[in-house]
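Build the full structure now, drawing on both the sequences and the hints.
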Amino acid sequence: MNTRSVARYEGILKVTGDARYEGEIVPDGTLHATLIESPVACGELLSLDTSRTAAFPGFAVMVSHADAASLKPSAATALIREKAIHFHGQPVALVAAGTLAEAREAARAIQVATTTRPAVTDIGQAAGSAYTPAMVGRFPAVTRRGDSSKALSEAELVIRNRYTTGVNNHHPMEPHAVVCWWEGSRAVVHTSTQAIFGTRAIIAHAFDIPATDVRVLARFLGGGFGCKGQLWWPWMFWAMLASRKANRPVRLELSRAQMFTLVGRRQQTEQDLTLGFVAGRLTAIEHDVVAQTSTHAEFSDSTAVYTRLLYACPNVSTRHQLVPTNEPHPIPMRAPGTAPGTFALESAMDEAAELIGIDPLELRMRNFADQDQETGRPWSSNSLLECYRAGAERFGWAHRHARSATKVGRWKIGSGMATTLYPAIRQACRARVSLRVDGSLLVQCGTQDMGSGTYTALGQIAADALGVPMEKVTVELGDTLLPDGPFSGGSQVTASILPAVEVATSKLRATLASIAVADATSPLGGKPPQDLELRDETIRSRTSNAGEPLVDVLARAAPDGLEAEGESPATNHQELAATGMGYGAIFVEIGVDPELGEIRVRRVCGAFAAGRIVNPLLARGQYIGGLVGGIGMALHEETVTDRPTGCIIGKSLTDYLVPVHADMPEFDIIMIEETDPHLPGGVKGIGMLGTAGIQAAIANAVYDAIGKRVRKLPIRIEDCL
Amino acid sequence: MSTHTNTDAAGSRNAGNPIVEQRIALAMTINGERYDLKVMPTATLLDVIRDELGLTGAKKGCDMGGCGACTVLVAGRRIASCLALAASFSEADVTTIEGVGSADRLHPMQAAFMRHDALQCGYCTPGQILSAIALLSENPRSIEEIREGMSGNLCRCGAYTNIIAAIAEVAGR
Amino acid sequence: MSGSSFEYSRATDLDDALAKGGRCNATFLAGGTDLLQLWKSGLAAPQNVVDISHLPLADISRDGDTLVLGALARLSDVSAHPDVKTHHPMICEAILASASAQVRNMASVGGNLLQRTRCPYFRDRALACNKRDPGAGCGARHGENRHAALFGSAAGCVATHASDLAVALAAFDTEITVRSTIGERRLTLQELYPLPSATAASDSSLAAGDMITAIRIHRASRFAPRSIYLKIRDRASFEFAVVSVAAALRVEDGLIAEARLAAGGIAPLPWRLRGSEAALIGRAPTEPAFLAAGEQAIEGARPLEKNTFKIPLLRNAVVRALQSVRGGS
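Residue numbers (my numbering), protein chains in the order written: chain A, 1 to 721; chain B, 1 to 173; chain C, 1 to 329.
Since the hints were made in silico from the structure, they are not lab data. Keep in mind the model is a prediction, meaning the values are calculated, not measured. Heads up, none of these hints are tricks.
Straight-line C-alpha distance at most 35 Å; calculated DSBU-like pairs for lysine-lysine:
1) Lys708/A to Lys150/A
2) Lys38/B to Lys245/A
3) Lys407/A to Lys708/A
4) Lys708/A to Lys306/C
5) Lys150/A to Lys712/A
6) Lys407/A to Lys306/C
7) Lys38/B to Lys20/C
8) Lys407/A to Lys85/C
9) Lys245/A to Lys72/A
10) Lys527/A to Lys507/A
11) Lys527/A to Lys472/A
12) Lys245/A to Lys83/A
13) Lys712/A to Lys306/C
14) Lys712/A to Lys407/A
15) Lys83/A to Lys72/A
16) Lys472/A to Lys507/A
As structure tokens, then:
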């Protein structure tokens, strides 16, 4: 496969408005649904008085926990099968009617009675209830390597600080939507999900029907960033129950306000981080994280996990603790774990560098980990040092002091840098590739394209392997009738689909070669199959000028076309010979107006190493997009709870600030290509790399500009005055 | 125990107003075609465009004027169609993304968005393109003015840099 | 999303509008940019929406040295108008710093002055707000009050006024023409915006059925060479002001002969800084005078838990605004 900047496969549908997102597929007779939300943050639903509802025009059906009792219990259905109210705004019923306006009018007439219990709406309020979860994702919650307290007592320099990060919401531009109906006992579910097969599995489990009786479709996704996984909005089940009850299709779309409460959030963290140094080398790290989870389920980001392995250090203790509150449930969001975790660690490294009196970049290079510190395994590949060097050179890091704290107009200039990382992991994947007799190619895989370029990558990988131009490629994804593909998350899709597509295409190449050489009338007849290659829609001999157009071979020997499936396994973490990790070094220049407190990012240079890059054009966009998300987390985004009520305040995009066009700095992206002998396909994920590290780089730059160390996110006007 | 009238969506404290049966007849030109419509008094222009006419290129990102995904042009000027009451737009000349260009005849702005990969998930894209077309008719004088002028269109994927590159190319900068 | 049901009617002329608007639970629809948000959030539930957007009240003209803005003039038309650009650049700056281009193309100047506060406790019916429900209490006072006012707020309401344009107009001699079925009256901007009481907080002194028909800005062109609208916000665009300052000076013989200062984001109404103005008069337009004006601006500020930063911010913003207009254009 080649590295090639192929234009986005589905771009034409998106620029013309022809791309149909799943919530836009509305069959005749569809009922429109709305959710009734709990007015209390903690309590129990007593009753829903619908006596006035039946008379409302268009009203069709109401569904609540009572209807959901028929669903099989599981983590996915827990919230919707119970009367318990865990957070303000939790849906207590779904109302469906002929139009959305009618549904809302009917919903307004329903009297909701609840009990109210005192709510815990702040992790500080319930610090005593902090507990250690068994696991943090696939990692242990607590680790101890060496003896950090002894090492700290012997260290020349100890840095101990608390870093805090706020709650963020994902806010993909497309709010969650579902349009669903039943065909007998079979369910059809159009929904904006990052995981069609995961969604199919939980639906099949909940309704106790075979997975093959459920079809889930997500051919276009208006973003996701973690909030459109399979578990995050169980109210989809209510829409399915309403559809079954009314025997009509039901459409439910969340409002932007509900995107603050019903589809997960990046959890708030309080991180106590202690670093110990001897001669500029890390001798001890202690990283303790306290974070919020909901009262109905457990989730912890892997916030301190990467502290275990980013730097060479013999004595490392990490611990994650959770405090349950009556607030919405946290879930992974863009660079989960690495974004808040690197904010603490990479801020602290900057603080250490100043106290030690060396360049912060030099301090990081000096503490480079040449193997996985936790397992002792080698890296599958690791070009972090090259990222540091290349990024520093392009950014002009060595000359930054000439600009530090100088003024450009009203802006005091500051520079900062930080490291980012994300593990390279793969999911199991199947893909089907079909060559039609006209020489066109069909690539099918039941994954999704969240906007990250999966359509293009699938098509491009298959097209390159078979010597077919992109114009002749059709890609189908986002439908559970297709072969099982990976969920879109964790920067894993390209790495997961590439080996599967390559297996399928090599089968096709072998078949084509054997057909061609077996036919005496072909110019390739009698040649050794391994001598043949596919290029420019032609099967060619590598050693002679002989060749035959692909369509001729197909017409003669495979008039029905050829089809092959490929399969590739998930990463087996137990049996890895080497640890796969993508890295980056992020350099930023910011301006701070010290009198007015305003902060603007002026320039970002990111040097990233993440294995092979399939499509540099799209990869660059992914890196920049990630960095923009990181700028949002660093400077703008924060979801705030009104403590007395548990109500999230300012549930709009007017109040929850995300970066806009005018906030954009100049971006300079360096992609350092790696040949990775350990990873199938040699691809690591890229999507998450930009969204971590940059928060600390910005905080470090703020310090460089105005001498104020801000250890909380977001960094706002009040922190810079 | 406490009893509440549900506060989802809107309404006065006592369960909203009686439903009004009124329908307003109006004519609009949309993408050069004349439509005779009968709309609910409460329908927004966005709802009519998306739900009645099936022109789903106009997106509902926030429904509160805060994201720009619903941008359409009225007499060449960009507006937030989610904050426009359809009934008020009698005789309006509306352009949605479907009227800008088609796959075989792309508008230069659409072509530039393709060339610069000025999109990812695509949900904000129609609004960005319409906003950009209107912006160029306002004669921005610099990249900074283009950035400022486009700031009503959010892109959560963060494709801003390529969007500005596409607009700048069409603007000849 | 949709709010509760209403009937729509289009006013045929001004008298028709006033007659319809005077009915019970009626509201005027001009640009609609705030009304639709309020209605969708359940904060406005009119039974009758009277569409006045097509009435001929959108003229922008000059009457001697008075700028006359028809109440239905769109924000974008005002900011693009050659007379406004030349003689009232600060008004252009305030408008261009407002909202987004899409919203400016819709919103009317009259509606802009009457937009309701962005205080999140007002905007969400689940939270306590005296402005929305008199007597319900104010959740912001001891809650999340980063956005809240420093001045003019009673215990009952700490919300700030959201309009940028109103801050610019407050710096000048602005007169609001109001019509109702009873007749026409003229208010100063100060008379339009009352201060909140202990338990309630009306947005304006207008009664139901009153309509702003015109805004007159008198004798402001003399400030054109030395004026600025400075807006401070968390992100670079498309955000309501954290703090804003409208500043205008007239300098005669090297001394400040006249000074006009108003601030936004710090009070329930556009806040005229008369103390700061007095501190400038008769002094050279230099740093000492500006610093004195900055100190005067924060005199009497009463911060809450999370908005104390607005005190130094306001002081610095006043100084910065004055520094920026010092040289003139």
